[in-house]
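Student: Protein sequences, first through last, are from chains A and B.
Each residue of the first sequence is one higher than the last, beginning at 151 in our numbering.
Each residue of the second sequence is one higher than the last, beginning at 571 in our numbering.
All clues stand as given, with none of them false.
Calculated lysine to aspartate or glutamate pairs in the DMTMM-like style (CA-CA distance at most 20 angstroms, straight line): (1) B:Lys613 with B:Glu716; (2) B:Lys643 with A:Asp217; (3) B:Lys637 with B:Glu652; (4) A:Lys261 with A:Glu368; (5) B:Lys718 with B:Glu617; (6) B:Lys643 with A:Asp213.
Some chain B residues judged to face chain A by a derived CB distance under 10 angstroms, without partners named: (7) Thr611; (8) Gln612; (9) Ile647.
Computed spacing ranges between beta-carbons, pair by pair: (10) A:Phe165 with B:Val589: 20 to 28 angstroms; (11) B:Phe582 with A:Ala327: 53 to 61 angstroms; (12) A:Ala327 with B:Asn702: 45 to 53 angstroms; (13) B:Val638 with A:Trp296: 39 to 47 angstroms; (14) A:Ala311 with B:Phe582: 53 to 61 angstroms; (15) A:Glu323 with B:Val589: 49 to 57 angstroms.
Since the hints were made in silico from the structure, they are not lab data.
No residue lacks a Cβ here, since even glycine has one placed at the ideal position from N, Cα and C.
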Amino acid sequence: MSEKYLNWLDERVGFRSVWQAIFLRKIPKVNWLFTLGSATLFTAFIQIFTGILLTIYYVPTPDHAYDSVQYITTQVPAGWLIRGLHHWGASAMVVLTVLHMLRVILYGSYKFPREVTWFTGVFLLIIVIGFGFTGYLLPWDQKAYWATTVGTRIAGVAPFAGEWILRVVRGGEELSAVTLARFFGVHVWFLPASLILLLGTHMYLVIRLGISSLPKREE
Amino acid sequence: MKEEKNINRRNFLSAATVVIGGVIGVSLGIPSLVYLTGPATQKTESENWIRLGSTAKIEIGTPTLFKVKVQHKAGWIVDEEEISVYVITQNGRAFVAMSNICTHLGCRVRWISENDSFFCPCHNAVFDEEGNVIDGPPPRPLDRYETKVENDSLFILV
Numbered sequence: 151m152s153e154k155y156l157n158w159l160d161e162r163v164g165f166r167s168v169w170q171a172i173f174l175r176k177i178p179k180v181n182w183l184f185t186l187g188s189a190t191l192f193t194a195f196i197q198i199f200t201g202i203l204l205t206i207y208y209v210p211t212p213d214h215a216y217d218s219v220q221y222i223t224t225q226v227p228a229g230w231l232i233r234g235l236h237h238w239g240a241s242a243m244v245v246l247t248v249l250h251m252l253r254v255i256l257y258g259s260y261k262f263p264r265e266v267t268w269f270t271g272v273f274l275l276i277i278v279i280g281f282g283f284t285g286y287l288l289p290w291d292q293k294a295y296w297a298t299t300v301g302t303r304i305a306g307v308a309p310f311a312g313e314w315i316l317r318v319v320r321g322g323e324e325l326s327a328v329t330l331a332r333f334f335g336v337h338v339w340f341l342p343a344s345l346i347l348l349l350g351t352h353m354y355l356v357i358r359l360g361i362s363s364l365p366k367r368e369e
Numbered sequence: 571m572k573e574e575k576n577i578n579r580r581n582f583l584s585a586a587t588v589v590i591g592g593v594i595g596v597s598l599g600i601p602s603l604v605y606l607t608g609p610a611t612q613k614t615e616s617e618n619w620i621r622l623g624s625t626a627k628i629e630i631g632t633p634t635l636f637k638v639k640v641q642h643k644a645g646w647i648v649d650e651e652e653i654s655v656y657v658i659t660q661n662g663r664a665f666v667a668m669s670n671i672c673t674h675l676g677c678r679v680r681w682i683s684e685n686d687s688f689f690c691p692c693h694n695a696v697f698d699e700e701g702n703v704i705d706g707p708p709p710r711p712l713d714r715y716e717t718k719v720e721n722d723s724l725f726i727l728v
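Model the full structure from these sequences, guided by the hints.
Tutor: Okay, structure coming up:
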């Protein structure tokens, strides 16, 4: 019955071979540590989903940012849950990405032919940290304000270009409406766009090359 | 290996994936819908009695216009909104307080004393002095506020 329609669709779009390649591919016998990448991916989906929902109420201006976040947390039904998931998911992202990276290092999975997968992974880690750094400012409370004051100041101590980097990141001398707006823009447009691009490449390579098997002692 | 062909390891894991995925999907999906539609279903803030003015100022038989500021909360922003209320009394004791918002599409009506009627310029609606529809498209009379008189002052429930 539905098989007939699925066949009709598969004949035209070939989703079965895509499904086969993604979910039914052969993998070597490995351990649970090899699921850390999937866990990171899943958390990334949660972050994207809850992040999109948060933009429904969040307003990135100094006179509304704090109040709109408070509104989400205390007034909107399930707002505490959506924000909570995004908040804790952010920490989980960093932790899982780093654990995933450690597994790749310790099992030597970055070696031929998976070097490019590794390179994209390194940039993905930087993107995740960028998400964390820009997202931290958005609630516009004291912690956010001072953490970003300090964080941007750290960028400012870079030799030669430091002062210039500091001004570009802040969008001026001081933390201001400009800083908040650009952190928001980077958090919801620049970084997600880069993430999707790199993540797509990363996943394509994982599927194309297959995952590495456990290293053997005698090799 | 002869019995239970249907429940091998592969089938069990597939089923478990679907079930766990479904649970996650539902436990994320339902709060999301609630979250998105929340402000639309929440009740507006509690009602308050607002003082319009002295009852002595209200002429008998002619709608008198009062403008008062009311606190209006939308999302996280509280601002003051000025509302216009027409009050009419036939005897100086019973008062009818009407909103000046046309019940058709929300334009503001005004009292035209030459015609003894309210007029809405948007679609030529006409209401009588008590707010009943005389002409035009409005589906119902002008909305009324509950009123009370205390110490010669008129209050409405907003």
